[in-house]
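Asker: These are the residues of each chain, in order.
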Amino acid sequence: MKELFPLKQVMGFVFSLVLTAVALLVHFMDMSFAIGLTVLLITAFMQAGLQLIVFMHAGETGDKKTIYTNVFYGLLIALMTIFGTLLILVWDM
Amino acid sequence: MEFFKQFAVPHPSFLIYGAMVSIGLAMLAIVVGITYFKKWGYLWREWITTVDHKRIGIMYLLTALLMLFRGGVDAIMMRYQLSMPENTFLDSQHYNEVFTTHGIVMILFMAMPFITFFFNYLIPLQIGARDVAFPRLNALSFWLFFMGMGLFNLSFIIGGSPDAGWTSYFPLANNEFSPTVGTNYYMIAIQIAGIGTLISGINFITTILKMRAPGMSLMKMPMFTWSAFIANVIVVFAFPVLTVLLAMGTMDRLFGTNFFTTDNGGMDMLWANLFWVWGHPEVYILILPAFGLYSEIISTFARRNLYGYKSMVASMVVISVFSFIVWTHHFFTMGQGALTNSIFSITTMAIAIPTGVKIFNWLFTLWKGKIVFTTPMLYSVLFIPLFTLGGVTGVMLAMSAADYQYHNTMFLVAHFHNVIIPGVVYAMIAGLTFYWPKMFGFMLNERIGKWTAWIMSIGFLLSFMPMYITGLDGQARRMSTYSEAAGFSMLNMVSFVGAGIMAISFVLLVYNIYYSIRYASRDIGSDPWDARSLEWATHTPVPEYNFAVIPEVASTQAFWDTKKNGHELFKGKIEKIHMPNNSGWPFIMACFFFVFGFAMVFSIWPVVIVTLIGILVCMAYRSFEKDHGRYISVKEIEETEAKLRGAKK
Ligand code: HEM
Ligand SMILES: [Cu+2]
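As you go down the protein sequences, you meet chains A and B in turn.
Residue 47 in numbering that gives the first Met the number 0 sits at position 48 of the first sequence, and the numbers go up by one each step.
Residue 301 in numbering that gives the first Met the number 0 sits at position 302 of the second sequence, and the numbers go up by one each step.
All the given hints hold, so there is nothing to weed out.
List time: in silico DSSO-like cross-link candidates among lysine-lysine, alpha-carbon distance up to 27 Å: (1) Lys572(B) to Lys634(B); (2) Lys63(A) to Lys219(B); (3) Lys64(A) to Lys209(B); (4) Lys309(B) to Lys63(A); (5) Lys63(A) to Lys209(B); (6) Lys64(A) to Lys309(B).
What the simulated footprint calls covered on chain B by chain A, stretch by stretch (three residues with Cβ under 8 Å from a Cβ of chain A suffice, anywhere in the stretch; the number is not a length): (7) 268–277; (8) 322–328; (9) 336–344.
Hints were generated in silico from the structure; no laboratory data involved.
Cβ atoms here follow ideal geometry from the backbone N, Cα and C, with glycine treated the same way.
Could you build all of it, start to finish, from the sequences and the hints given here?
Answerer: Encoded structure:
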């Protein structure tokens, strides 16, 4: 019975609900813009990682290396784009 | 009546009415022709519903050639308009429309399908596979692309063409300054075609990662496949930016959002920024497969291994990252500080290094090679110096301080044509000539082919070198005319003559096809160039399953080793082959997209809703459809093989 019960998935599901709830707090509680955004960023990235690893089985096949290379490459590009854009249009405009 | 008025072209002229009539007549002729020769069934069975990567590839090719001629006519019109001061051939509004559509047609509807044609046709053959990873999705990619192309071209006769430049910068592209539906066409047609491109990017990455023949490790892939792999990685990471950007632009224009407005918290500069976040990687998407083709051609006709395989791969991997961190060089003059400009100046110059590595590798391959000057080789050899010239002017533009002088002048126009024509267009024609016998079973005439290459190069130089000079003298791009006193007349006339000569070379290309269809020998075997990689180990014509037995590979040039070094390519014995079934659904779904796009352009909401439901139904149908493909029996394969071997002698 124990082998059949998808413990990891259920835990993952509960955890992702918790993350959603925490993110919702930003709307209902009175916090500064900076703190609110930090909370949102952290919960969003954790949520994305959770989905990828637990529910989309990123690390469970022989393609593990390819998949993680892809994810890190994507992150690299995204961060370069975001910080580049901030530099151009906000910090150095 | 009010309803129909919106479909009229807002700024008509004789040319447009003439084009309407001729397009109408041509369509009628096609429909009558197909009906008369009873080809509808054939068209549906063999082409529209096909999932075969080779046939899909050829449909991309036909689209690209068609668009090459449409874009080419635009180009000639612009050059004619500028050939004399105060010319009145095109008024400024028409000139705007012509340069806008020329840019989009050439980059997105000519160059993109051309490289996608090579991806489709060559990747599975080069890696020893029987099709791409997701054949049905591949058909969907093509039809989405095709419908996007169709919708874009429709703007010419219904509602008016976009006129805010191929870059479509806001605030010029907003409803106030671009009140016609032209820019809606831009946003939605490119969106539909772009989704197709994104899907095929994922498809090819998966194909290359998962479907290589046994023994072919990543570092044993042919160079074209490597370049295609890197290009598709860039597609998958750059095109989502375009998708989001176009969606935001659409919402600004149709639903009153404020992403790119100048008030209410919008920021018009964000458009330019995000456009080039996609736009610069896009130019590398175009040039990398071209580099791959040159690598194949140069090593085949220098009769030796490609020099510096590893450094070729390394430089492309570096380019795949660096192409994402140079985009600001397209708007050095927008107003950001010197720090930012300096950073992006340096990254831009740095990207010239891996590009230079590749140039030297080709030169070293030629060194000590036994060079055979065929037509594809001639294009490749012309490419090296001409492209280098474009690279050098690129580095000039990359110096942000100096760019204040060059930016938005004809100097810039000369630069990018200098990299795109000898870089991309030559590669496409060289590759087409090189692979023509594999696709169609006869070769293009070599003598006409070489004439074409030389005439094209002379035309190219005459047409674009003067622009460097007039640009430095201050002739701005995208201006419909200039005064006699400006002193640009003479050089612009030269440029027009050059454009005419280039046009002649393209006519010659078509004549070559016609001539070769009539007179070329059909008895050329399956390896007429004495080439090196796996695609030449197939029969000509390539059977639908490509390889009766999956090849086993031990080096980057398995086929050459088989011919010269006693490598055994086909070790297994023939077994039944599993193939995907044809399907009409990708086409039907893309038709929904077409009508959806059209209704979006004109804000006809009921139709938008209905077609959106249609699209969702198609997707749902696919999810529940059971289609296990079919098998080709051993007997059938043996018969085909015997027949093809017999034909080959
Ligand atoms: C050595 C490599 C290269 C460098 C350093 C370089 C640099 C530049 C710079 C700085 C600009 C912007 C200039 C301005 O707007 O004032 C530019 C524009 C452009 N480049 Fe390049 N470039 C290089 C290679 C290429 C290649 C390989 C392609 C395409 C295959 C290409 C296509 C373009 C296009 C299409 C534009 C102009 C777009 C527009 O404004 O409409 N470049 N390049
Ligand atoms: Cu660029």
